[in-house]
Amino acid sequence: MAVLLIAEHNNSTLKVYTLNAITAASEIDKEVHVLVAGNKCENVVKEVAAVSLVKKVLHSESSDYENFLAENLSPLIVKLAERYTHIISSANTFGKNFMPRVAALLDTSQISDIIKIESSDTFVRPIYAGNALVTVKSNDKKKCITIRPTSFDPAPSSGESASEKLKKGTLVEKVEPVAVPNISKFIKREETKSERPELGTARIVIAGGRGLQSKENFKLINDIADKLNAAVGASRAAVDAGYISNDHQVGQTGKVVVPDLYIAVGISGAIQHLAGMKESKVIVAINKDGEAPIFSIADYSLEADLFKALPEFLEELNKLNTIQK
Amino acid sequence: MKILVVVKRVIDYNVQIRVKEDGSGVHTDNVKMSTNPPDDNAVEEAVKLKEAGKAKEVVAVTIGDEKAQETVRKALAVGADRGVHVKIEGDVEPLGAAKILKKIVEKEKPELVLLGKQAIDDDTAQRGQMLAAILGWPQGTFASKLEIKNKVLEVIREVDEGLETIEINLPAVVTCDLRLNEPRYASLPNIMKAKKKSIEQIIAKDLGVDIAHRLQQLKVEEPPKRKGGIKVTSVAELVDKLKNEAKVI
Ligand SMILES: Cc1cc2nc3c(=O)[nH]c(=O)nc-3n(C[C@H](O)[C@H](O)[C@H](O)COP(=O)(O)OP(=O)(O)OC[C@H]3O[C@@H](n4cnc5c(N)ncnc54)[C@H](O)[C@@H]3O)c2cc1C
Ligand SMILES: Nc1ncnc2c1ncn2[C@@H]1O[C@H](COP(=O)(O)O)[C@@H](O)[C@H]1O
Chain A
1 MAVLLIAEHN NSTLKVYTLN AITAASEIDK EVHVLVAGNK CENVVKEVAA
51 VSLVKKVLHS ESSDYENFLA ENLSPLIVKL AERYTHIISS ANTFGKNFMP
101 RVAALLDTSQ ISDIIKIESS DTFVRPIYAG NALVTVKSND KKKCITIRPT
151 SFDPAPSSGE SASEKLKKGT LVEKVEPVAV PNISKFIKRE ETKSERPELG
201 TARIVIAGGR GLQSKENFKL INDIADKLNA AVGASRAAVD AGYISNDHQV
251 GQTGKVVVPD LYIAVGISGA IQHLAGMKES KVIVAINKDG EAPIFSIADY
301 SLEADLFKAL PEFLEELNKL NTIQK
Chain B
1 MKILVVVKRV IDYNVQIRVK EDGSGVHTDN VKMSTNPPDD NAVEEAVKLK
51 EAGKAKEVVA VTIGDEKAQE TVRKALAVGA DRGVHVKIEG DVEPLGAAKI
101 LKKIVEKEKP ELVLLGKQAI DDDTAQRGQM LAAILGWPQG TFASKLEIKN
151 KVLEVIREVD EGLETIEINL PAVVTCDLRL NEPRYASLPN IMKAKKKSIE
201 QIIAKDLGVD IAHRLQQLKV EEPPKRKGGI KVTSVAELVD KLKNEAKVI
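Protein sequences appear in the order of chains A and B. Quick note on the working numbering: the first sequence kicks off at 1 and runs consecutively. Quick note on the working numbering: the second sequence kicks off at 1 and runs consecutively.
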């Protein structure tokens, strides 16, 4: 049998977390097939085909799939599921939205947000905001799984250009769209446009919390982000207060990030925040409260007023001859 | 319209979890329990819709042991009209919970079911979507804004890219984010009044649904601990360490 992976994309390009999910899928079974469902998404099909771990691309075109509504995608995935033992996607808002719907229609218990694969039926996943890890064995015939992208490396491209690989035949299979229930309608998507790297995959993240006090003060964070080519993160408190938009939130109910360097500024370090960043390789905390819990997990703790420390930080960075990009 | 709101009793979000030495789970004895935080937002939204004249009745449901009733009682104290407690021994997987909730939906016939977007104990974020699936209803997940417009519901969803707006037909299932609203506190008189409101108890196995576990929990363990770091006394020292010791900039 084989594994069916659901690709995340925007009809023109593949979202990177799909590559992490491909790696996870290939640890379960070498026969990895990827579904690219969308509207005019040929380019995504090519991108996926260029990944060496992918054995087959299933390509389904329909305007009903353009915005990935769970109600519309699920019937297609359920139909294709007949041929597969595992259905997999990433555990971000894309996968979290449709996968439980698919699992319930297949009458199977989903395993969410896995960080490790022990065998084809046994997986490790965090619970209680990452304060415990549970190993679960699934006794279902078909398994629906979402993977935590940051726990698996992205799958490499084959080097071989996609078109060469495509010429070899069999790689891409056209799949007829399946009737949709017409009970939901996409209206609009408001994306935050930014020149900076994506939060989920950035090498460096600098995050601000309630300590920043205002939207305007986030400029102090942004300036350093630009200097370091870093992504900007935030605590829930900072998002709730309107300092920054929701897509920047790191934590249990936000994004999980594992950068080489995470700089937490004016963030106290509540367990719900730590859930999203404590696996970062190097953690820096800047906080004026010496007792802030964030210091207990930081590699470098600076007890200081951020309004003084951040301008100094920028100045020191400006003095450096080179900065890694 | 009638709204069903689904609440779960979980370990309070402020509690530092302790894993049991034998790997069978986490300590729950003498640990503070509360309503799962986003479920409070679900209750608040239902009550607000009722106050705005958009809903006639709000019914709060929970699945759990005898003590799980506390969460329903709390929902009644902030404005829910009635409660339903589906009694169960041990725990139920998301799929089983969705099957139980489907039975309650068939009985109560609500036009809207509100749940939290995620339970902060098992962190699965599945039950709302599963319930929508087996009812054949549309779903609005991770909602930070709701608006009822005639027969459709406009939902603003928090997604990785930012915000997404969808319109879904009613009846529908919605899972609520913490940013949907600001849950109110119950006043003392309302807590007293809530004591008189009724909570119907249903025994899970009388519903005749298959809630057998499909997942076997092999072990629960603590995640690896991070080693403590060092204090730096100046920004210059910090930058020097990052450049020359950690070599990350
Ligand atoms: C169910 C649930 C889910 C949640 N999910 C998340 C999540 O995903 N992500 C998340 O982040 N939170 C989440 N939270 C919220 C979390 O519990 C905390 O409330 C939140 O993380 C606090 O944010 P903060 O550290 O910015 O604010 P605070 O806790 O208020 O901390 C502000 C910090 O700034 C410091 N400070 C203030 N002024 C200065 C200054 N001038 N210079 C230096 N330091 C200063 C203070 O000393 C303090 O430590 C969740 C909560 C719940 C209940
Ligand atoms: N035992 C339960 N009883 C009632 N509601 C529940 C129960 N478990 C989960 N829920 C609801 O389902 C939502 C999502 O839970 P989960 O799928 O576990 O993340 C929660 O926010 C609750 O509203």
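Read the hints as simulated data drawn from the structure, not as lab findings. Please note: incorrect hints may appear among the correct ones.
Facing chain B, according to a computed beta carbon distance under 7 angstroms, are these residues of chain A, among others [unchecked claim]:
#1 Asn-92
#2 Ser-109
#3 Lys-185
#4 Lys-188
#5 Arg-189
Chain B stretches covered by chain A per the calculated footprint, using a threshold of three residues with CB under 8 angstroms from any CB of chain A [claimed, not checked]:
#6 16-24
#7 135-146
#8 153-166
#9 214-221
#10 236-245
Just so it is clear, CB atoms sit at the ideal spot from N, CA and C, and this is done for glycine as well.
Now for the hints, and whether the structure bears them out:
1. With a cut of 7 angstroms, the hint placing Asn-92/A at the interface with chain B holds, because the nearest CB-to-CB distance is about 5 angstroms.
2. Nearest Cβ of chain B to the Cβ of Ser-109/A: about 4 angstroms, under the 7 angstroms cut. The hint holds.
3. For Lys-185/A, the interface hint holds, since its Cβ comes within 7 angstroms of a Cβ in chain B; the closest pair sits about 5 angstroms apart.
4. With a cut of 7 angstroms, the hint placing Lys-188/A at the interface with chain B holds, because the nearest CB-to-CB distance is about 5 angstroms.
5. With its C-beta approaching chain B no nearer than about 5 angstroms, Arg-189/A sits inside the 7 angstroms limit, and its interface hint holds.
6. Figure legend: the region 16-24 of chain B, annotated as covered by chain A; annotation consistent (3 residues with Cβ-Cβ distances under 8 angstroms, at least 3 required).
7. Look at the region 135-146 of chain B against chain A: 7 of its residues bring a Cβ nearer than 8 angstroms to a Cβ of that chain, three or more, so the hint holds.
8. Chain A is given as covering the region 153-166 of chain B, and this holds because 11 residues of the stretch bring a CB closer than 8 angstroms to a CB of that chain, at least three being needed.
9. Interface restraint, the region 214-221 of chain B with chain A: holds (8 residues with C-beta to C-beta distance below 8 angstroms; minimum three).
10. Coverage of the region 236-245 of chain B by chain A holds in this model, with 6 residues showing a Cβ closer than 8 angstroms to a Cβ of that chain against a need of three.
In this structure, none of the earlier numbered hints is contradicted; all agree with it.
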